Amino acid sequence: MPALGNALLLAAFIACAYAIAASVAGARRRSTRLIESGTGAYYLITALMTVASGVMVHAFVTNNYAIKYVQRYSEAAQPLAYKIASYWGGLDGSVMFWVFLLGVFGSLAVYTNRERHRELIPYVVAVLATTQMFFILLMVVHNNPFSTFLTAPPRDGRGLSPLLQNFYMAIHPPSLYTGLVAMTIPYAFGMAALITGHLDDAWLRAVRRWTMIGWLALSFGLTLGMLWAYEELGWGGYWAWDPVENAGLLPWFTATAFLHSVMVQERRGMLRVWNVTLVITTFFLTIFATFMTRSGVVQSVHAFGEDRELARLFTIFMILIVTFSFGLVIHRLPLLRSRNELDSWVSREAAFLANNWILLFSAFFVLFATMFPTLSELVTGERLTVGPPFFNKWMLPIGLALLALTGVGPLLAWRKSTISNLVEQFLYPVIFAFVVAGGLVALGVRVWSSGVCFALCAFVFGTIAQEFIRGAEVRRAASGSDRLTAMIGLVSRSKRRYGGYIVHVGIALMFLGFAGEGFKQEAEKILRPGEQFTVAHFTIRHEALRVTSDAQKQMITGHVSVLDGDKPIGTMEPAKWFYAKREQEPTTEVAIRRGVSEDLYIVLAGYEAADQSATYAVTINPLVNWIWLGFAIMALGTGLALLPESALAFVAAKVPSGAATASVLLLMLLLPSLARAQTPDATRAVLRKQLEGEILCTCGCRRPMNDCPMEPNCHGLDAQRAKLDKYVVEQGMERDQVLAAFAADYGTQAILARPIDKGFNRLAWVFPYLVGLVSAAGAVVIARRWSRNAEPEAAAPASQEDEALRSRLDDELRDLD
Amino acid sequence: MSAKALKIGATAAVVVAALSGLLFSTLREDTQFYKHVDEVMNDPSAWHGRRLQLHGYVAGIERKRSSLEYRFNVQSNGSVVQASYTGVVPDTFKEGAEVVLKGTLGADGFHVERNGVMAKCPSKYEPSKGVLPNTSGS
Numbered sequence: 001m002p003a004l005g006n007a008l009l010l011a012a013f014i015a016c017a018y019a020i021a022a023s024v025a026g027a028r029r030r031s032t033r034l035i036e037s038g039t040g041a042y043y044l045i046t047a048l049m050t051v052a053s054g055v056m057v058h059a060f061v062t063n064n065y066a067i068k069y070v071q072r073y074s075e076a077a078q079p080l081a082y083k084i085a086s087y088w089g090g091l092d093g094s095v096m097f098w099v100f101l102l103g104v105f106g107s108l109a110v111y112t113n114r115e116r117h118r119e120l121i122p123y124v125v126a127v128l129a130t131t132q133m134f135f136i137l138l139m140v141v142h143n144n145p146f147s148t149f150l151t152a153p154p155r156d157g158r159g160l161s162p163l164l165q166n167f168y169m170a171i172h173p174p175s176l177y178t179g180l181v182a183m184t185i186p187y188a189f190g191m192a193a194l195i196t197g198h199l200d201d202a203w204l205r206a207v208r209r210w211t212m213i214g215w216l217a218l219s220f221g222l223t224l225g226m227l228w229a230y231e232e233l234g235w236g237g238y239w240a241w242d243p244v245e246n247a248g249l250l251p252w253f254t255a256t257a258f259l260h261s262v263m264v265q266e267r268r269g270m271l272r273v274w275n276v277t278l279v280i281t282t283f284f285l286t287i288f289a290t291f292m293t294r295s296g297v298v299q300s301v302h303a304f305g306e307d308r309e310l311a312r313l314f315t316i317f318m319i320l321i322v323t324f325s326f327g328l329v330i331h332r333l334p335l336l337r338s339r340n341e342l343d344s345w346v347s348r349e350a351a352f353l354a355n356n357w358i359l360l361f362s363a364f365f366v367l368f369a370t371m372f373p374t375l376s377e378l379v380t381g382e383r384l385t386v387g388p389p390f391f392n393k394w395m396l397p398i399g400l401a402l403l404a405l406t407g408v409g410p411l412l413a414w415r416k417s418t419i420s421n422l423v424e425q426f427l428y429p430v431i432f433a434f435v436v437a438g439g440l441v442a443l444g445v446r447v448w449s450s451g452v453c454f455a456l457c458a459f460v461f462g463t464i465a466q467e468f469i470r471g472a473e474v475r476r477a478a479s480g481s482d483r484l485t486a487m488i489g490l491v492s493r494s495k496r497r498y499g500g501y502i503v504h505v506g507i508a509l510m511f512l513g514f515a516g517e518g519f520k521q522e523a524e525k526i527l528r529p530g531e532q533f534t535v536a537h538f539t540i541r542h543e544a545l546r547v548t549s550d551a552q553k554q555m556i557t558g559h560v561s562v563l564d565g566d567k568p569i570g571t572m573e574p575a576k577w578f579y580a581k582r583e584q585e586p587t588t589e590v591a592i593r594r595g596v597s598e599d600l601y602i603v604l605a606g607y608e609a610a611d612q613s614a615t616y617a618v619t620i621n622p623l624v625n626w627i628w629l630g631f632a633i634m635a636l637g638t639g640l641a642l643l644p645e646s647a648l649a650f651v652a653a654k655v656p657s658g659a660a661t662a663s664v665l666l667l668m669l670l671l672p673s674l675a676r677a678q679t680p681d682a683t684r685a686v687l688r689k690q691l692e693g694e695i696l697c698t699c700g701c702r703r704p705m706n707d708c709p710m711e712p713n714c715h716g717l718d719a720q721r722a723k724l725d726k727y728v729v730e731q732g733m734e735r736d737q738v739l740a741a742f743a744a745d746y747g748t749q750a751i752l753a754r755p756i757d758k759g760f761n762r763l764a765w766v767f768p769y770l771v772g773l774v775s776a777a778g779a780v781v782i783a784r785r786w787s788r789n790a791e792p793e794a795a796a797p798a799s800q801e802d803e804a805l806r807s808r809l810d811d812e813l814r815d816l817d
Numbered sequence: 001m002s003a004k005a006l007k008i009g010a011t012a013a014v015v016v017a018a019l020s021g022l023l024f025s026t027l028r029e030d031t032q033f034y035k036h037v038d039e040v041m042n043d044p045s046a047w048h049g050r051r052l053q054l055h056g057y058v059a060g061i062e063r064k065r066s067s068l069e070y071r072f073n074v075q076s077n078g079s080v081v082q083a084s085y086t087g088v089v090p091d092t093f094k095e096g097a098e099v100v101l102k103g104t105l106g107a108d109g110f111h112v113e114r115n116g117v118m119a120k121c122p123s124k125y126e127p128s129k130g131v132l133p134n135t136s137g138s
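Listed in order, the protein sequences are those of chains A and B. The first sequence begins at 1 in this note's numbering and counts up one residue at a time. The second sequence begins at 1 in this note's numbering and counts up one residue at a time.
Since the hints were made in silico from the structure, they are not lab data. Where hints are given, some of them may not hold.
Covered, in the sense of this in silico footprint (three residues per stretch, anywhere, with C-beta under 8 Å from a C-beta of chain B), are these stretches of chain A [unchecked claim]:
{"id": "1", "region": "383 to 389"}
{"id": "2", "region": "608 to 620"}
The calculated lysine-lysine pairs, modelled on DSBU-like cross-linking and capped at a C-alpha distance of 35 Å, are [what the hints assert, rightly or not]:
{"id": "3", "chain 1": "B", "residue 1": "Lys7", "chain 2": "A", "residue 2": "Lys416"}
{"id": "4", "chain 1": "A", "residue 1": "Lys525", "chain 2": "B", "residue 2": "Lys94"}
{"id": "5", "chain 1": "B", "residue 1": "Lys35", "chain 2": "A", "residue 2": "Lys393"}
{"id": "6", "chain 1": "A", "residue 1": "Lys68", "chain 2": "B", "residue 2": "Lys94"}
{"id": "7", "chain 1": "A", "residue 1": "Lys525", "chain 2": "B", "residue 2": "Lys64"}
{"id": "8", "chain 1": "A", "residue 1": "Lys581", "chain 2": "A", "residue 2": "Lys525"}
{"id": "9", "chain 1": "A", "residue 1": "Lys525", "chain 2": "A", "residue 2": "Lys495"}
{"id": "10", "chain 1": "B", "residue 1": "Lys94", "chain 2": "A", "residue 2": "Lys520"}
{"id": "11", "chain 1": "A", "residue 1": "Lys553", "chain 2": "B", "residue 2": "Lys94"}
{"id": "12", "chain 1": "A", "residue 1": "Lys581", "chain 2": "B", "residue 2": "Lys35"}
{"id": "13", "chain 1": "B", "residue 1": "Lys64", "chain 2": "A", "residue 2": "Lys520"}
{"id": "14", "chain 1": "B", "residue 1": "Lys7", "chain 2": "A", "residue 2": "Lys553"}
{"id": "15", "chain 1": "B", "residue 1": "Lys35", "chain 2": "A", "residue 2": "Lys520"}
Only some residues are given here: those of chain B computed to face chain A with a beta carbon under 10 Å [as the list claims (entries may be wrong)]:
{"id": "16", "residue": "Ala3"}
{"id": "17", "residue": "Lys4"}
{"id": "18", "residue": "Leu68"}
Here the structure is a predicted model, which is why all the values come from computation and not from measurement. C-beta atoms are modelled at their ideal positions from N, C-alpha and C, and glycine is treated no differently.
Construct the complete structure from the given sequences, taking the supplied hints into account.
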């Protein structure tokens with residue numbers, strides 16, 4: 001197997017070389033055959049990397065400890081999901097995963113754009129293949145994930161670091177990589193445009209979409225990283241300005257800047273050099289992020305360890321990127337001249353420009369502060385460090401300024417805003433912001449930064465609501481339909497614009513959550529059983545300390561009952577887990593009680609077996625959950641903006657006026673009755689049945705209750721069924737409670753068909769979103785088919801005209817209203 | 001064109017100068033020296049009252065009964081300094097553990113600030129994993 005993996009990597013390397021050579025030669029000689037052969041070779045790389053990934057995952061799943069990488073990051077007792085996640089758990093595998101992902105995205109991008117941007121494709125392939133070649137080179141000469149033991153392989157692996165055995169950690173790196181990798185595609189298109197000189201705005205269209213995808217994935221990865229830090233690390237916060245977190249944030253800043261400034265180029269033909277520069281910078285920063293986390297240049301919690309050789313290779317690659325890219329930009333400067341000048345500083349262009357500067361400055365600042373220890377050691381020989389307070393001091397005002405611009409930007413007109421339309425546009429949002437600010441002062445909020453942040457959030461919400469309402473009004477007047485239908489029609493006609501506004505709502509909600517940080521409360525105390533202490537309005541009582549264990553680990557759990565004022569609100573169970581293979585690194589299992597207004601966050605910080613006492617660190621985190629909610633809304637908005645132009649056309653075209661409102665009303669009527677349709681008894685029976693599949697029979701067959709071969713003469717089964725009835729039907733417990741009760745009764749989780757896996761229980765949380773996404777995708781596909789069949793010819797010219805008309809209308813409407 | 005370039009250049013210069021001025025002035029307040037125990041103990045009085053990140057190895061941990069007050073020694077290359085800390089320590093804070101402490105040096109020893117203890121895990125597997133999270137340079 002490892003030999004096969006090695007062979008695949010080498011083959012992919014050769015295929016890269018061929019893809020580059022054939023594409024470039026083909027483009028220069030204008031030979032379609034060569035170009036197609038290069039593109040084919042590029043698809044081949046993806047195929048090879050997919051097979052290689054399959055080999056790697058296979059090795060993990062079958063516990064092939066002859067491979068060093070597998071031995072190091074996996075062990076037999078590890079749950080299957082984490083065995084697979086171990087693929088990207090270490091340095092070598094993560095590089096391989098990176099190449100695999102880039103292959104998949106690159107192939108997708110090449111495939112979808114092969115007709116539309118025919119002249120760019122060979123160079124796109126060449127740039128993508130070069131990047132991939134570099135990473136494969138890294139693997140082949142330096143970090144081969146398939147290298148094997150020369151001596152006899154060990155019997156068992158060392159296991160993935162327990163900190164990484166967490167649901168979010170299993171999906172956080174892939175989504176972050178997805179984001180970083182997707183940024184390579186805009187770069188490849190940008191380079192191709194520069195090389196060929198086809199610098200009209202066509203290449204931007206392909207690029208914009210991919211940047212959006214990458215941006216969404218990057219945001220997702222960063223948010224998951226925050227969730228992971230919050231739930232798993234147990235220090236009560238979610239962002240510590242750790243170098244690795246910052247590394248992911250840097251390209252996010254520049255990509256955000258690009259997504260804004262690209263609009264200026266599309267609308268006004270300005271900022272063309274700037275946009276190319278942003279694309280290059282974003283790509284460079286993704287490589288730099290990889291470099292930072294893998295070479296040991298900066299020290300961090302989750303860097304991969306120090307590696308000088310790797311650092312050298314990366315440095316060479318980065319120097320090449322910068323020289324080549326900016327060399328090309330300078331070479332093409334004459335073609336990149338701006339078509340327009342900035343008319344006025346009170347215009348949307350100017351707002352975008354300001355937004356860009358601030359974002360770029362943020363990126364520069366974070367980079368500087370992250371590298372500061374390294375830089376100072378280089379310059380003065382003295383290692384100086386800066387901590388989170390320094391970051392916060394700067395990023396707080398920067399963040400607030402950005403938030404303000406989020407509100408201001410959409411209110412300004414392109415070209416130039418007149419005084420009267422300034423008043424018109426700003427009046428209501430500003431009033432709203434001041435009302436909120438006044439209310440806050442009256443309520444006695446004294447944390448100025450949070451207060452300003454709340455007021456600015458109100459301003460942004462006001463702005464966006466006003467945009468939606470005014471747009472819908474205009475459309476309603478024009479089409480004569482009702483408000484809601486007009487609103488949906490409006491959104492479906494300019495998805496990017498209104499999708500963007502929804503993203504802004506999400507961002508403002510996240511800021512709301514960040515502002516909650518200002519009201520955070522922390523306390524810690526040692527408690528003996530029965531003792532209690534009070535933080536804010538919560539009283540925490542230590543009931544007992546219990547020790548349990550399963551195949552992988554020993555668990556020490558503090559049982560705490562919590563009172564809100566005098567009212568008991570439940571029990572919480574913070575714990576410490578000691579994995580058998582890594583007893584020196586216990587993991588902290590935080591107990592969190594989530595709420596709309598605040599989270600109660602309890603950590604078992606220490607314990608004393610002798611007197612059963614426990615040290616609890618308690619944090620009250622106001623508004624944290626709005627960050628996650630904000631992200632969900634942001635994703636929704638980005639998804640909307642990403643939809644193809646025709647996806648929602650049927651809404652505008654086919655649905656009769658009033659239909660949308662009617663159907664929403666109907667749905668609202670139906671929903672409660674649907675909910676009522678399921679009687680409690682029926683759900684109980686379903687739950688009971690489901691649990692029979694999750695709890696083992698005790699007759700010794702080691703099978704779930706519903707699958708016992710001794711049935712119907714099984715003595716163990718009868719006892720189990722009676723117990724299950726007692727818990728489910730009489731006491732009305734939920735699934736998790738029943739499982740916990742069984743585990744408690746038998747003193748071990750061995751009674752369960754699957755161990756209670758906290759991490760993967762959270763899938764339940766993701767599931768509705770997943771269903772929503774899938775059904776939304778389905779609806780889009782169906783809708784597209786509908787709208788295509790109905791009016792094949794009539795729609796096409798109309799929508800083209802629409803495009804031009806809409807942009808003109810947009811400008812004129814603004815001046816009018 | 002050249003007048004415009006001049007204008008832009010001048011604006012850029014002013015902005016850059018102002019920002020870097022601000023940057024360095026704030027930097028001075030917030031930087032901490034990253035030092036090993038022996039470097040500091042060569043001339044302790046020079047470091048009195050300054051914020052430091054102190055690197056060393058823990059020995060002789062004492063904890064007042066039923067409290068979160070710790071006293072311990074930090075050493076490296078033969079130099080020792082006594083340190084005091086109140087609060088929760090990371091799981092990896094043990095005898096012999098490699099630590100980085102944030103705090104100030106006084107005549108009576110090194111005072112570690114709140115949440116200022118970072119301990120590296122003694123495991124040899126993946127040296128950078130499993131350090132206390134609340135760190136930026138350990």
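Just pull the numbers of the violated hints for me, sorted ascending.
-> 9, 14, 16
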